[in-house]
Amino acid sequence: TQTVSQSDAHVTVFEGDSVELRCNYSYGGSIYLSWYIQHHGRGLQFLLKYYSGNPVVQGVNGFEAEFSKSDSSFHLRKASVHWSDSAVYFCAASIRANTGKLTFGHGTILRVHP
Amino acid sequence: GPKVLQIPSHQIIDMGQMVTLNCDPVSNHLYFYWYKQILGQQMEFLVNFYNGKVMEKSKLFKDQFSVERPDGSYFTLKIQPTALEDSAVYFCASSLGHQDTQYFGPGTRLLVL
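Quick note, the sequences are listed as chains A and B, same order.
Residue numbers -5 to 108, in our numbering, belong to the letters of the first sequence in order.
Residue numbers 851 to 963, in our numbering, belong to the letters of the second sequence in order.
No wet-lab data here; the hints were simulated from the structure.
Watch out, some of these pointers could steer you wrong.
On the chain A side, residues computed to face chain B include the following (Cβ under 10 Å) [claimed, not checked]:
1. Gly23
2. Tyr30
3. Phe40
4. Tyr45
5. Trp77
6. Ser78
7. Ala81
8. Phe84
9. Ser88
10. Arg90
DSSO-like cross-link-like pairs, simulated, lysine-lysine; straight-line CA separation at most 30 Å [what the hints assert, rightly or not]:
11. B:Lys903 to A:Lys63
12. A:Lys63 to B:Lys912
13. B:Lys909 to A:Lys43
14. B:Lys907 to A:Lys43
15. B:Lys853 to B:Lys912
16. B:Lys903 to B:Lys928
17. B:Lys907 to A:Lys63
Bear in mind the structure is a predicted one, so any value in this text is a computation, not a measurement.
Ideal Cβ placement from N, Cα and C applies to all residues, glycine included.
Extracted from the complex, chain A is given alone in its bound form (with noise of 0.2 Å):
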């Protein structure tokens, strides 16, 4: 069975600030790793996905993630955040050769100061 954590619960930067999300993943085989964000109260809007390929991933809003498999993970970065991208944050991993199933991480909260 496949694990991911993110190490940090919160995160609290300034407005245009550079952030890095901590995601790690454990699985001994092939997996798809994605990014999800969550605005207060909503539902999860899709960020990234890493499938296979360049380990660097671009998304939506100026967000990034890269892939490494020597370290098990697949961080999330934004050059210069906004107070809009404050949020919850999931990072979620599928099994390529199961049904689907996502497995998400504990969230990190992003506070972006104005």
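Assemble the complex: chain A is given as a structure, and chain B must be docked to it using the hints.
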């Protein structure tokens, strides 16, 4: 992005009663999912559904739970009877293929009293 709708947005129900949560998935999607999120906790997979059948379910998907999508209408999650521990936000998702991006609805907040 593609829109998944969920009805109702909130539901309050007495323990022991039946509840049906409705999901209107993206129109050409073939795979459907339910996830459960208890306040302040992570999202957890309940079940997925394809071609009229449950493909996989988790241990959270108790015997009191059932899913169906009759005649291509709403994808529903039925809980009968409900228990206090069923209080949570239930999210529906759909995808075109089973490894394609899943798009989520806004959730139904269920409170069992």
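Cross-check of the supplied hints:
Below 10 Å, beta-carbon pairs count as interface contacts, and Gly23 (chain A) has none with chain B, the closest being about 13 Å; its hint is therefore violated. Restraint check, Tyr30 (chain A) versus chain B: the minimum CB separation of about 7 Å is within 10 Å; hint holds. Checking Phe40 (chain A) against chain B: minimum C-beta separation of about 6 Å stays under 10 Å; hint holds. Residue-level restraint check for Tyr45 (chain A) holds (minimum Cβ-Cβ distance to chain B is 8 Å; threshold 10 Å).
Taken as an interface hint, Trp77 (chain A) does not check out: its beta carbon lies about 22 Å from the nearest beta carbon of chain B, beyond 10 Å. Taking 10 Å as the C-beta cut-off, the interface hint given for Ser78 (chain A) is violated, the closest approach to chain B being about 17 Å. About 14 Å separates the beta-carbon of Ala81 (chain A) from the nearest beta-carbon of chain B, more than 10 Å, and the hint is not met. The closest approach between the C-beta of Phe84 (chain A) and any C-beta of chain B is roughly 7 Å, which is under the 10 Å cut-off, so the hint is satisfied.
Evaluation of the Ser88 (chain A) hint against chain B yields a held restraint, the C-beta minimum of about 7 Å falling below 10 Å. The interface hint given for Arg90 (chain A) holds, since its Cβ lies 7 Å from the closest Cβ of chain B, which is under the 10 Å cut-off. With a C-alpha separation of about 34 Å, the suggested pairing of Lys903 (chain B) with Lys63 (chain A) is violated against the 30 Å cut-off. As the CA atoms of Lys63 (chain A) and Lys912 (chain B) are separated by approximately 36 Å, the hinted pair breaks the 30 Å bound.
For the proposed pair Lys909 (chain B) and Lys43 (chain A), the alpha carbon gap of about 27 Å is at most 30 Å, so the pair holds. Proximity of Lys907 (chain B) to Lys43 (chain A) is assessed by CA-CA distance (about 23 Å); at most 30 Å being required, the pair is judged to hold. The straight-line distance between the Cα atoms of Lys853 (chain B) and Lys912 (chain B) is roughly 28 Å, inside the 30 Å bound, and the hint therefore holds. Pair hint Lys903 (chain B) plus Lys928 (chain B) holds up; C-alpha atoms about 15 Å apart against a cutoff of 30 Å.
The suggested pairing of Lys907 (chain B) with Lys63 (chain A) holds, with an alpha-carbon distance near 28 Å, which does not exceed 30 Å.
Of the numbered hints listed earlier, those contradicted by the structure are 1, 5, 6, 7, 11, 12.
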